[in-house]
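> For the sequence shown, position 11 (counting from the first letter as 1) is numbered 10 according to numbering that gives the first Met the number 0, and the numbering increases by one without interruption.
Just so you know, these hints were derived from the structure itself, not from any lab. In this text, a Cβ means the ideal position worked out from N, Cα and C, and glycines have one as well. Possibly wrong hints are sitting among the right ones.
Unchecked claim - What follows is a list of derived Cβ distance ranges for each label pair:
1. E70 x D35: 15 to 23 Å
2. E69 x S49: 15 to 23 Å
3. G6 x D35: 26 to 34 Å
4. E69 x A28: 24 to 32 Å
5. G18 x Q56: 26 to 34 Å
6. K59 x L13: 13 to 21 Å
7. D14 x D43: 20 to 28 Å
8. G6 x E34: 30 to 38 Å
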Amino acid sequence: MSAGAGGYRVTADLDVCQGHQLCQGEAPAVFGFDEDADVVVVLDEHPPASEKDAVKQAVKYCPAMALDLEEE
Numbered sequence: 000m001s002a003g004a005g006g007y008r009v010t011a012d013l014d015v016c017q018g019h020q021l022c023q024g025e026a027p028a029v030f031g032f033d034e035d036a037d038v039v040v041v042l043d044e045h046p047p048a049s050e051k052d053a054v055k056q057a058v059k060y061c062p063a064m065a066l067d068l069e070e071e
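With these hints in hand, go ahead and build the complete structure from the sequences.
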């Protein structure tokens, strides 16, 4: 997938995710939740720049440290 207008990529390590869903509360346009697997779903790997602050907060507050924001 190519880089979006935001210039960054969002990833989640599903082996580390513990299903707290804090990310979904911080950035609901970017993160969803798979109830069956009990893990986060990245809805948009290349969200717009307008979501970047919310994504940073989600990464910061993830108790399992399962999220990453990579500059592209």
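> Are the hints correct? Go through all of them and say.
Okay, the hints, checked on the actual structure:
1. E70 x D35: 15 to 23 Å: Once the Cβ atoms are compared, 32 Å apart, the range 15 to 23 Å for D35 and E70 is violated.
2. E69 x S49: 15 to 23 Å: Between E69 and S49, where Cβ atoms are some 18 Å apart, the hint holds.
3. G6 x D35: 26 to 34 Å: holds (33 Å)
4. E69 x A28: 24 to 32 Å: violated (18 Å)
5. G18 x Q56: 26 to 34 Å: Given about 18 Å between the Cβ atoms, the range is violated.
6. K59 x L13: 13 to 21 Å: holds (19 Å)
7. D14 x D43: 20 to 28 Å: For D14 and D43 the Cβ distance comes to about 21 Å; the hint holds.
8. G6 x E34: 30 to 38 Å: Cβ of G6 to Cβ of E34: about 32 Å, so the range 30 to 38 Å holds.
Hint violations for this structure: numbers 1, 4, 5, all remaining hints satisfied.
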